[in-house]
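Residue numbers (this note's numbering), protein chains in the order written: chain S, 1 to 486; chain H, 1001 to 1090.
What the hints contain is simulated information worked out from the structure, not anything from laboratory work. Using N, Cα and C, we set each Cβ at its ideal position, and we do this for glycine too. Watch out, some of these pointers could steer you wrong.
As the list claims (entries may be wrong) - Incomplete in silico selection of chain S near chain H, CB under 7 Å:
#1 GLY14
#2 VAL18
#3 LEU171
#4 PRO175
#5 PRO176
#6 PRO178
#7 LEU194
#8 SER200
#9 GLY201
#10 SER203
#11 GLU207
#12 ALA211
#13 HIS241
#14 GLY242
#15 THR294
#16 GLN474
Here is what each chain is made of, one letter per residue.
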Amino acid sequence: MAERMPQFTLPLVGGGPVSLATLVEDGPRLLVFAHADCPTSHLALRHLAELVDGPVKPVLIAEEPPERAARMARRSGIRFPVLAQEAPFVVSEQFGIEAVPTAVLVDRSSTAVDSLVGWDRAGYERLLGGPLPDRGPSTKPGCGSRLHEPAAEAGLDELEDMFERGWTDGLPVVPPTPERVERMLGGRDPGRSLGTVPPSGGSAALERVAACAVLAGCRPEYFPVVEAAVEAALDPALNPHGLAVTTQPGGVVMVVNGPARERLGLNTGMGALGPGTRANMTIGRALRLVLTLTGGALPGRLDRSTLGSPAKLGLCIAEDEEGSPWEPLHVERGLEPAASAVTVVAADAPLSISDHRSTTPDELASVFAEAAAVTWSPFWWPMPDDSLFVIGPEHAAMFAAAGWSKERLRDAIFAAAVRPAGELRRGETTPAVRESPDDRPIHKWTDPSRILIVVAGGEAGRYSAVLGPCDGMQTQPVTREVRWTT
Amino acid sequence: MDYVSPIDPRVAEPLARAPRPAALEGRRVVLLDITKNRGAEFLDRVEQHLQRRGAETFRIAKETFSRAASGEVIERVAIHGDLAVEGLAD
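The shape of chain S in the complex, shown without the other chains (with noise of 0.2 Å):
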């Protein structure tokens, strides 16, 4: 095989376009066909990624659009350029290229000197002049070219597309086409920015927290509240940016107050934590993507959270106003009681309560401060950090019989989440433990401000929850109020 290829040029993920007269211009250069429906590309990409320098460099070629060029990259580790070829294939059609992968080695004056179809270590090895690790199977038969794709399977599975793109949280997704977008946004300006999402910093445009909110499954009267909700996770008071790259677990979590949880169908009752209402689980989720796909927040990535957590998947809690004894939320934070509002806050996952057994409201609150003592670190007290608690209404029906307001069940969780210093000079101590005398006592908060209290839940079974915090963070809950005009 010596035979001088025609010239080509094609997009380089990451860059601009590349010709093959580019490519070979400081030496000769393996040309690696593959797609990413093949087994036995991903087997040579995953050996190719570990190739040392030697005298033959490689280049993927994908039969791919970009992104998900791209994603192969991701996948298998290589660092090597990447290519991205659609269809019609033209440069797999010139090379003459039956089935993937298929390793052509061209020399400086764009000659094929040398090919190998399929997955052949040795063959590699001989190709590109160097070792390549000695693990898996030593040849694997390779598999038809997208060339050959007849035309209607040419394209992925939709679905699979989907998590080809990388446009996921790891569950199945809606694919947002043009026309599923644009009902989403429902006449909205789609190039209008709701901000800079971190850590990435790519822009929040409105079609792309639209995108966002269909991949998640949102119907389009939703949209308001994730419009809200992205907004409000964007305020540079919560720290977006902090809380994407942290390795703590926190997600950010929403409560969403007003009259927006009866017109979107939101369940403010048994199971208020999730799974089984749909505006609960995608209004979470959709934030939650925008946070990951437009704030390039991928897991593993730039978001180096050394657990996850549940709390990551979104996770969007409807206070139950009309069972709470209390002012709901939002109007705490400053709003009217007909106004609907998302608050977001940084959160872990919740952490629930049982208690059947109380007879007074004190003795409860203090089950309350006990359960969320051990929250974030038994003993880095105290927390310049907010904890919510969701009370199940049972609960919160027995300090209604007894008189107590919100303020009062705050100060009381307070109190009772205190122990002195002696007793916290274990694992991580803060400094003001370290300093103080034994005796001393030290609280789990810096102050009561930083317990929020909502009401949800069923009717039956006396549980509360409480959301642990994300320390060290310098996050502060924010609120926003939902616009439902375009």
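Based on the hints, put chain H in the right spot on chain S.
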């Protein structure tokens, strides 16, 4: 099939890594302390090693680890360093 992408194309791919320097001799290395617990101790050791290899070091600290570095801090890193080492330790 055409879709509306949730991703801003301007930031779709991470920036390419700068090439690794062949030697440290005479290079200016910024040691960026993000003020995380014990990060400075880690950077102290790294600084000793770098200086032994002939690098000139320069210390810069962020105001707080929990927020992104300010434009001023990034500018100072760019002005003072050919290379940077960030102390993320806890």
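Cross-check of the supplied hints:
The beta carbon of GLY14/S is positioned within 7 Å of a beta carbon in chain H (closest approach about 4 Å), and the interface hint is therefore held. This hint is violated: VAL18/S has a C-beta 14 Å from the nearest C-beta of chain H, more than the 7 Å allowed. Checking LEU171/S against chain H by beta carbon gives a least distance of about 15 Å; that is not within 7 Å, so the hint is violated. Evaluation of the PRO175/S hint against chain H yields a held restraint, the C-beta minimum of about 6 Å falling below 7 Å.
Because the closest C-beta pair between PRO176/S and chain H is about 5 Å apart, less than 7 Å, the hint holds. The criterion of a C-beta within 7 Å of any C-beta in chain H is met by PRO178/S, whose closest approach is roughly 6 Å, and the hint holds. Given hint, LEU194/S at the interface with chain H, is violated; its Cβ is 12 Å from that chain's nearest Cβ, farther than 7 Å. Using the Cβ-Cβ criterion of 7 Å, the hint placing SER200/S at the interface with chain H is satisfied: the shortest such distance is roughly 4 Å.
The criterion of a C-beta within 7 Å of any C-beta in chain H is met by GLY201/S, whose closest approach is roughly 6 Å, and the hint holds. Proximity of SER203/S to chain H holds as hinted, the smallest CB-CB distance being about 5 Å (cut-off 7 Å). Of the supplied interface hints, the one on GLU207/S holds, with its beta-carbon coming within about 6 Å of a beta-carbon of chain H, less than 7 Å. Annotation: ALA211/S was flagged as interfacial toward chain H, and the flag holds, the nearest CB pair being 4 Å apart, inside 7 Å.
A distance limit of 7 Å between C-beta atoms decides the matter here; for HIS241/S the minimum to chain H is near 5 Å, and the interface restraint holds. This hint holds: GLY242/S has a C-beta 4 Å from the nearest C-beta of chain H, less than the 7 Å allowed. Interface hint status for THR294/S: upheld, as the beta-carbon distance to the closest one in chain H is roughly 5 Å, under 7 Å. Here the hint on GLN474/S is kept, as its CB sits about 5 Å from the closest CB of chain H, short of 7 Å.
Checked against the numbered hints given earlier, the structure breaks hints 2, 3, 7 and satisfies all the rest.
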